[in-house]
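J.: Respectively, the protein sequence lines represent chains A and B.
Residue 1 is where the first sequence starts when you use my numbering, and the numbers rise one by one after that.
Residue 1001 is where the second sequence starts when you use my numbering, and the numbers rise one by one after that.
No lab work stands behind these hints, which were simulated from the structure alone.
Treat each hint with caution, since some may be false.
Derived pair list, reagent style PhoX-like, types lysine-lysine, alpha-carbon separation capped at 25 Å [as the list claims (entries may be wrong)]:
#1 Lys70/A x Lys1034/B
#2 Lys1038/B x Lys98/A
#3 Lys1034/B x Lys102/A
#4 Lys98/A x Lys1034/B
#5 Lys1038/B x Lys70/A
#6 Lys1074/B x Lys1090/B
#7 Lys1088/B x Lys1074/B
#8 Lys102/A x Lys70/A
#9 Lys1059/B x Lys1074/B
#10 Lys102/A x Lys1038/B
Here are the simulated distance ranges between beta carbons [stated by the list, open to error]:
#11 Leu1011/B x Val72/A: 48 to 58 Å
#12 Gly159/A x Ala1047/B: 37 to 47 Å
#13 Gly24/A x Val1019/B: 25 to 35 Å
#14 Arg93/A x Arg1012/B: 36 to 46 Å
Beta carbons are placed, not taken as given, at the ideal position from N, Cα and C, and that holds for glycine.
Given next are the chains, with one letter for each unit.
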Amino acid sequence: MYSAAGEEGCHLFNDFGCGFEAPGTSLFFPTPWVDFGLPMTSGITKYALVLVVALLVAAGFWYFTTRNAKVVPSRGQSLAELLVGFIRDQITRNTMGKEGDKFLPLMVALFLFIFSMNVMGIIPGLQLPVTSNLAYPAVLAIFVFILWNAVGIRRHGAGAHFKARLVPGGVPAWILPVVVPIEALSNFVIRPATHMIRLFATMFAGHLLLAVFAAGGWYMFNLFGAPNIGLGLLSTGFSAVALIGFLVFTAFELFIMAVQAYVFVLLSSIYLGEAMEGAH
Amino acid sequence: MIGLAAEENILRIHVDEFVFGSIAFLIILAVVYKMWPKLSSALDERANQIEGGIERAKKAEAEAEEIRQQYREKLDEAHRQYAAELEKAKEQRAAIIAEARDEAQVEARRIVDAAHAQIEADRQQAIAQLRAEIGTLSTDLAERIVGESLADGALQSRVIDRFLDELEQGESTTSSQAEVR
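All chains, please: the whole structure from these sequences, using the hints.
T.: Dropping the structure here:
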């Protein structure tokens, strides 16, 4: 693919007529280092390695910033408190009220973990957001989905919980045969699916975009291989534009990574708040 | 590429990756929950201290206000006392002046009375002296006129007394006449 083309020295204005091949989805299927040879498995791939790094970053950040928590905070502790304060004031208090404070550690863990996994996409050398593999957002979304049901059932009983989720208040009885299946599909299938796919898709697309800028920039850089010096300089100019685009979009990606982590946590919090509230 | 398409479904969820993800998530959850009490206790402690600080500040403020009130009351009291003292001093001054004036009047009256008495006494003495001298002079004169006829002492004093009585009568008439006038 594009990396192979790069190795062959395929650049703009080449003599042997090879064209640009945009990076494709193969980016997200790294060759396994250890293949289990089982169906539905990928083996140990780069994702597993980056996941471990992301986990170490997130857990390490939390461990070292809160290890010596004091009344007068250190810089690290202030950072941790800032994060906790932000999630509490902007997310859990707004969606679950004071009661939501008991889910605050969960939300902090979710945010830390997701942001850490996302940000691996712009760490040089790793450059693979873990969340661009649907399996990882799925873990989190399914966990939240199960917790959502557990909270609702524990709070209101199984009957009341499922009734509240399936039968919207104030709907005439004759329309229920239509509404109930829609609600069931909406709340129990589409919602967890969108919850995981939203995060996955943004990270997937963002990573692909950065890869296109990087591959395009590399393809267009042909200062020495071009037929004459003018074309060589022109190709370098193109390449510089691609580089600027890459840097701008990297900064933008960082922002998106934070926003997506925020959105995931916010939605989790809204769902749990809804389960706690019961019927509308 | 086409052969790989089925394999390379971007929406695939590999079981092993799902398991890795679950383990990683449980680890981060464990770390966060493990460390949570440390952070939250520090936060609670801070909240307590801040509340305590606010409490102390309020107390100090109330104390200061109380002291200020006391000070103000004392100042007012001092002003009142000062005014009272001033009033008292004024009264005293007036009293002293009045007393002095009375004393002076009494003294003046006493002096005047004493003067009157002295004058009266002097007058009486003068009258007595005059009477005696007039008697002697009259006798001398009469003796010279009448000669030795009046040498008889008894007769002489009788004559003098009559003369003086007449003289006194005349005098009281003139004094009454002077009073009338």
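J.: Hint by hint, note whether the structure agrees.
T.: Against the structure, the hints come out as follows:
no. : hint                             : in the structure
1   : Lys70/A x Lys1034/B              : 16 Å, holds
2   : Lys1038/B x Lys98/A              : 20 Å, holds
3   : Lys1034/B x Lys102/A             : 14 Å, holds
4   : Lys98/A x Lys1034/B              : 22 Å, holds
5   : Lys1038/B x Lys70/A              : 8 Å, holds
6   : Lys1074/B x Lys1090/B            : 24 Å, holds
7   : Lys1088/B x Lys1074/B            : 20 Å, holds
8   : Lys102/A x Lys70/A               : 21 Å, holds
9   : Lys1059/B x Lys1074/B            : 22 Å, holds
10  : Lys102/A x Lys1038/B             : 15 Å, holds
11  : Leu1011/B x Val72/A: 48 to 58 Å  : 49 Å, holds
12  : Gly159/A x Ala1047/B: 37 to 47 Å : 41 Å, holds
13  : Gly24/A x Val1019/B: 25 to 35 Å  : 27 Å, holds
14  : Arg93/A x Arg1012/B: 36 to 46 Å  : 38 Å, holds
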